[in-house]
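Make a model of the complete structure from these sequences and hints.
Protein chains in written order, with my numbering: chain R, 1 to 486; chain C, 1001 to 1442.
Treat the hints with care, as some may be off.
A partial selection of chain C residues facing chain R, derived with a Cβ cut-off under 8 Å [stated by the list, open to error]: (1) PRO1359; (2) PRO1360; (3) VAL1375; (4) HIS1376; (5) ALA1383; (6) LEU1398.
Pulled from the structure, derived: some chain C residues nowhere near chain R, Cβ distances all over 12 Å [unchecked claim]: (7) ILE1038; (8) VAL1120; (9) ALA1161; (10) ILE1162; (11) SER1173; (12) LEU1174; (13) ARG1277; (14) THR1336.
To be clear, the hints were calculated from the coordinates, so they are not data collected in a lab.
All of these numbers come straight from a predicted model, not from anything done at the bench.
Beta carbons: idealized from backbone N, C-alpha and C, even for Gly.
Now for the letters of each chain:
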Amino acid sequence: MILVTVLILLPWGAALWLSAQKQSGQYLAMTIALVELLLALIQRFAPGASGTLGHALHIPYLGSLWTLHAGPLGSTLALLCALLIPVSLAFAWRLPEFRALASAVLVMSGALFGIFFAQNVLMFYIFYEILALASAFMILRSGHKSRAAALQFLLYTFVGSLLFLVALVVVYVLHGQQTGIYNFSILQLADTRITGGLGIWLFLGMVAGLAVKMPLFPLHSWAGTGYGNAAPAGSVFLSGAAVTAGAYGLIHFAIPMLPQAALEFAPVGIILGAIGTLYGAFLALNAANLRLFAAWASVSHMNLVALGLFALQTQAIHGSVFLLIAHGVVSAGLFGVVSIMESRGLTGEWAGLGGLFRRAPRLGAWMLFFFLAGMGLPGLANFPGEFLSLAGAFQVLPWAAGLATLGILAGVVYFLRAYERIMLGPLNGTLPDNLVDLQQGEWLLFWVLGLLTLWLGLDPQVILAHLGTMLSIHSGDVIAGGGHGL
Amino acid sequence: MAYSPTLLPLLIVGAAALIAFLADALRLGRLMPWLGGISSIAAAASIFVEHMALGADLYWDLSATLLGVYLSLAMAAGLFFITFHPLSRKMTGSLVGLLLTMLAGSLMLVSAQNLLLMFVGLELQVLPFFALLAWPGSGRAAVESAFKYAVLAGLASAQFAIGIALIYLGDGSLAVIPPMGDMTSNVFGLMGVLALLAALSFEIAAAPFHAWVADIYQGAPAPFLIFLAGVAKVAIMGALITLVAATPKLEIPIAVIAATSIVLGNILAYRAGHLRRMLGYSAIAHAGYFLAALAAGPLGIMAGAIYALVYGLMNIGTFMGLSALPENSIAIPWATLRERQPVLAGLLGLTLLSLAGMPPSIGFFAKLLVIIADVHDQAYWLAILIALGSAFSFAYYLSTLWKPSVLSNPDRLLHRRSWETFAALGILILLFGWLLVPLGMG
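Pasting the structure below:
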């Protein structure tokens, strides 16, 4: 209880302290980030640190607003998030807007830890909103500092999450009327009887709130403007860690609360995921610059995650959770490469690139590595996830899964084409003469991410073996028993 | 009317008001805000003690007690706050007297169970504002807004009087809960109640009776808007709660007014482009959220009372923050404000987020309660409208937080050390106020 509470509140305190400081505070932020990583490791691997950890802040009729529960899935995603904090801060190290970016990342990470350890759905919602606000703040204050992009992100996520809130309140009131217990705890709400027609509407409301963060296909357009305008170092965290909140909410809250409706929605979800995978791939193929390219590649992968989730089939959901984690690492690598290039003064527009490999071979090699991982090369992180989610989805809705497979194929094309544009071909005359290749710290950063990618790819069992227990008991029942297990 | 214990808070406030009016002649004006504040706190204490006591035409029921205590304490905080504002230098005694008169009217409004008493309360709280909004020392715009307020509020009062006359014509009783049936039992009563509803909607600026609000918010001096938005409006909301609790038939017209207010208020606020006008227009949307609670039956009455209270608190925070800025500023110069008064800047930012409904501030919990009430009453469309409205409201509230604005002359910013204490207290209330809920319910 104390460990997780510190895990959630420490970054917020640090962000508050950081925003009151005059100097930029790199070392403080990095220390906090490493402490968080350590705490998350302890939380994940220490014995006896799982299950319901404790209650506090009991409000009549709302339940305990500080109910912490550590499941294996939540702890693992928290570990991923804790890993990405120092990575993101390190990529942002020399940026002039480091202070704003670091406080946004710290607030986001605190909110994410809250999300991953929340048992009370209202608590989850509160952290989810804080996450959205902090993400918008990051888009506003870093990179191009675009107010329009931040506003668009904010409107997308807040409209969605307030619809989620209304759907949640309907479930809560129904549960109260059926049992007389008014409480927002998921253990209570998962026990609500909801008749068919209403359930599907409620599930749509919840999907609107949660899938917008992933982002699922028709709700994805904030990703282009958001990732396109934020500093790539911030996008490392935004695309790697923040998007997992939506998927986690679906697995842990929405599907257990409305299992029947989830089953009815499944085909639609699979089709949307498939379209999104393909569409994201096409957008990446035609992306105007490197930032947008990485953004749409991430969207394409996250839609594959959604496809696996909505298939509601053991294999597919295992694959999609695996891909969620792998995508976090690979996407961090991709945006990291973009960030390094921008720190060398390159704009990321295609016209200004070409033949870069001759100037920066080490950067070129790492870029190739992460591009190959993004393509889904066997042996690297994305492959087991992509394979399993598609294999599972084929058994549910073959043609949609086939469509998504086309998206993967397109992935090979767009990654290779982008690599050719950036690194190969004749040396672009506009490139500065004294381009610095990777330096010591950056080198180390890529090694960490790269080894992790390799490890996940070569030994997927490290995560897959625990997935049976990782998915909470509720979602496990839904998947195994076809939604009637409750 | 014979003496009854429920009158005690009104007597305390009234007596303090009389003393304050006399104080200017005796040159004791500077002391009066403190006397006023202390007597307001005494009134709050006596309301708390008289809680649930049934007196002649005054009834401190649960919502009336809640709002009554809030109104008195808000008045006390406001009085202590404006002591440090230059506007309160001239004729301090009369200023405090007028404000306390307004408080007496407000307390009467929330607790009255008699239409005539309600009318007296309405007049008592409206009339002081004619003078307050144009207080010596504020600019021409303030005089203009005071005049507009006088004309329009006079109109609303007249409508209220007509409503009372019609109801009396209908069933010959002036009680809010008449001995036979409710006020709408015949056609005159129905017309009368609708007239009352229109008059009160006018006072809280619900659409389509909202036209005045932006002009007043733009022109009136910020320190007095603390009282107009944070006290007077909440009292009107209290009167509406009494009215709706007694006449369940009002739910449909109220739901319609609520929906129009939410839609219209949000659109107007988004297009305003001026800080004060934006706040004025968003007040329309907030009136809509409040009415949406009232449209939801018995649970909605409680949700409405809490929403009114929270809305008042948020407005007090906003206008306390704005009191430090020059009157005609169209955006908030954050850099200067943060440098001079960091805590006050924090309060202002937090209230703007809270008005938008950002968790975990109390603004979110108030809205959540309204949504729960609406869903409970199966008014799903109202719940969705509230959700969309408040999601949309983030666009304009946050753009006031984001908009870069520079103050040409930083010395025009009022700089008061003591205001930082108020601001710190305000931040605590706004962020953690919801933790007090179990105490109230326990």
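Structure versus earlier hints - violations, ascending order: Structure breaks no hint.
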